[in-house]
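2 protein chains.
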Amino acid sequence: MRHRLTVEAYTQGILSGDRIILSRAITLIESKLRNDKILAKTVLENILPNSGKSIRVGITGVPGVGKSTFIEAFGKHITSLKKKVAVLTIDPSSKKTAGSILADKTRMEELARDPLAFIRPSASGLSLGGVARSTRETILLCEAAGYEIIIIETVGVGQSETLVKGMSDFFLLLMLAGAGDELQGIKKGIMEMADAVAINKADGANETAAELAVSEYQNALHLFPKSDSDFITKVLTCSALEKFGISSIWELITEYQEATIKNGYFQKNRQAQNLEWMHDYIRQTLEDQFYENSIIKKAIATSENSVKEGNELPVAAAERLLDIFRKTITK
Amino acid sequence: MRHRLTVEAYTQGILSGDRIILSRAITLIESKLRNDKILAKTVLENILPNSGKSIRVGITGVPGVGKSTFIEAFGKHITSLKKKVAVLTIDPSSKKTAGSILADKTRMEELARDPLAFIRPSASGLSLGGVARSTRETILLCEAAGYEIIIIETVGVGQSETLVKGMSDFFLLLMLAGAGDELQGIKKGIMEMADAVAINKADGANETAAELAVSEYQNALHLFPKSDSDFITKVLTCSALEKFGISSIWELITEYQEATIKNGYFQKNRQAQNLEWMHDYIRQTLEDQFYENSIIKKAIATSENSVKEGNELPVAAAERLLDIFRKTITK
Chain A
1263 MRHRLTVEAY TQGILSGDRI ILSRAITLIE SKLRNDKILA KTVLENILPN
1313 SGKSIRVGIT GVPGVGKSTF IEAFGKHITS LKKKVAVLTI DPSSKKTAGS
1363 ILADKTRMEE LARDPLAFIR PSASGLSLGG VARSTRETIL LCEAAGYEII
1413 IIETVGVGQS ETLVKGMSDF FLLLMLAGAG DELQGIKKGI MEMADAVAIN
1463 KADGANETAA ELAVSEYQNA LHLFPKSDSD FITKVLTCSA LEKFGISSIW
1513 ELITEYQEAT IKNGYFQKNR QAQNLEWMHD YIRQTLEDQF YENSIIKKAI
1563 ATSENSVKEG NELPVAAAER LLDIFRKTIT K
Chain B
1263 MRHRLTVEAY TQGILSGDRI ILSRAITLIE SKLRNDKILA KTVLENILPN
1313 SGKSIRVGIT GVPGVGKSTF IEAFGKHITS LKKKVAVLTI DPSSKKTAGS
1363 ILADKTRMEE LARDPLAFIR PSASGLSLGG VARSTRETIL LCEAAGYEII
1413 IIETVGVGQS ETLVKGMSDF FLLLMLAGAG DELQGIKKGI MEMADAVAIN
1463 KADGANETAA ELAVSEYQNA LHLFPKSDSD FITKVLTCSA LEKFGISSIW
1513 ELITEYQEAT IKNGYFQKNR QAQNLEWMHD YIRQTLEDQF YENSIIKKAI
1563 ATSENSVKEG NELPVAAAER LLDIFRKTIT K
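Keeping their order, the protein sequence lines are chains A and B. 1263 is the number of the first residue of the first sequence in the numbering used here; add one for each residue after it. 1263 is the number of the first residue of the second sequence in the numbering used here; add one for each residue after it.
Isolated chain A (complex conformation):
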């Protein structure tokens, strides 16, 4: 990477809201180099007291639902209220290069030019755990840089929704109206995670279908248990293209924030997310140490095959592998 700045330069730059330095700090966080990691850790520790003061909004939906257009309209609405918005994209499958950061900004051209907005896709070449970690840390950096609304967009691949839900205060599911089977494209359990469902592209010929979809989803949601937040999941319609329904969604999020701060859920949820982050990291590291051990890597395929075929007890195979692992680390 480019010549590094000092800890002080990063810290001061972020706290003063300098977008160039914020960008470079995120790149630092994503770096796999040992020296970068040490530097990144100190920067994060410095800005930690200034982080946390935002609402973190996770947004998901299947490809084709119009996420980019929605986020651009939604982001522009927020900046029109003189609030600063950061848009982070989680894409664990991404093989992105520096060039595609540009492509991502072209996706939301108008928002990218807005001085109150900051757009950043997730780094390429990271594992799901790596993406989770860097996004969580990027949220803290953006908050310290004064961004009041953090949008975390997921592309809906792999486990990215669960990941984003685990770092959001509010989770918005974008849907399309259609022929009854709207949920076919949505992975199991996603609907239950949502704090709100927005039927996008509810314009022109779609209007009637969208209204029908609203009542269908409302009925379906009615069957789900109430969320711990005590907030009832709402179904709304919107059209990012015609800028319709966007402000209602923003108002709903504001209402949610006020209600959950009042009943204590907002803080409780953040605390639980922090704890989960720590334990996830511990578990992930323990697992990585095992599965990335070179001797285990060689031994595991044989065990997997005999277990799959029912020729060996799963526990017996596991214990054999654990024994091998124990010997390699204590010797």
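There is no bait here: all hints are sound.
Copies of the same chain look alike in the list, so a pair counts if it fits in one copy or across any two.
Here are the simulated DSS-like cross-link-like pairs (lysine-lysine), alpha carbons at most 27 Å apart as the crow flies:
(1) Lys1488 x Lys1427
(2) Lys1570 x Lys1524
(3) Lys1589 x Lys1559
(4) Lys1315 x Lys1299
(5) Lys1303 x Lys1570
(6) Lys1338 x Lys1315
(7) Lys1299 x Lys1589
(8) Lys1530 x Lys1559
(9) Lys1560 x Lys1303
(10) Lys1299 x Lys1570
(11) Lys1570 x Lys1560
Hints are computed from structural coordinates only; laboratory data are not their basis.
Place chain B on chain A using the hints.
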């Protein structure tokens, strides 16, 4: 425990279908004593080639849904077809003693006296992981003893449904008809796990409500994505008390088994469950070694507090704990 038998006596007893020896072998498997564990492992390895030939049916539902009465009626229906049925109960919260095994059998008095039936509640004093392991191994023993239908009942506490789903070929959710909010008592995601939903107590004055519930659930299920088994989740009514609808549920399960053996899902699912069992055991052991380490136990509360309050970065706290752990095992 009582005087142990030899490996040969356990093996032969199980394979000949001796219920007393089967019981004693299960007790052996549940034992925490080192010598018992070694013996149990050999017995399991011996009977492994004779296991697997059954249909494993997981059954869940909230307390009050009438699970015991249903399982008794269902079990009696199976034995009336001259088939052998084993009923295992998973209750991770259980503080059961030998006395309550009796109580459990009293719950299903008629079935308990049936020579073709075998009833066994999960052992007391085991962790969730321990219960999972012993139940999975008990399934193998029962299969080797000739039981063709293995019912695994969950009490719906903690994560027991996910556990049971992960060891079942077919997962049945028992529900009650009510006032629209039937799912309130059911934990998130349970409905999506079900291969069939049975509205129990659909007798007398409940009949109309039950029919209404069927169409409500069918509509809700319609919104879920299709299962990997390609089998469409059905909603049925039954009355365990009036022995109504029981045979239809059994027929549905038979149909499911035939269809999924034909399309290959049955075998694929079992293989995946075996692999998951091995990896679960590895992960669980790695975690236990960490969290049950005496030095980690002392250090973790302080870390949790500072992370919860946002005074320390989750990753920094995790890394400190992992460092401490590494030093204790390599020294």
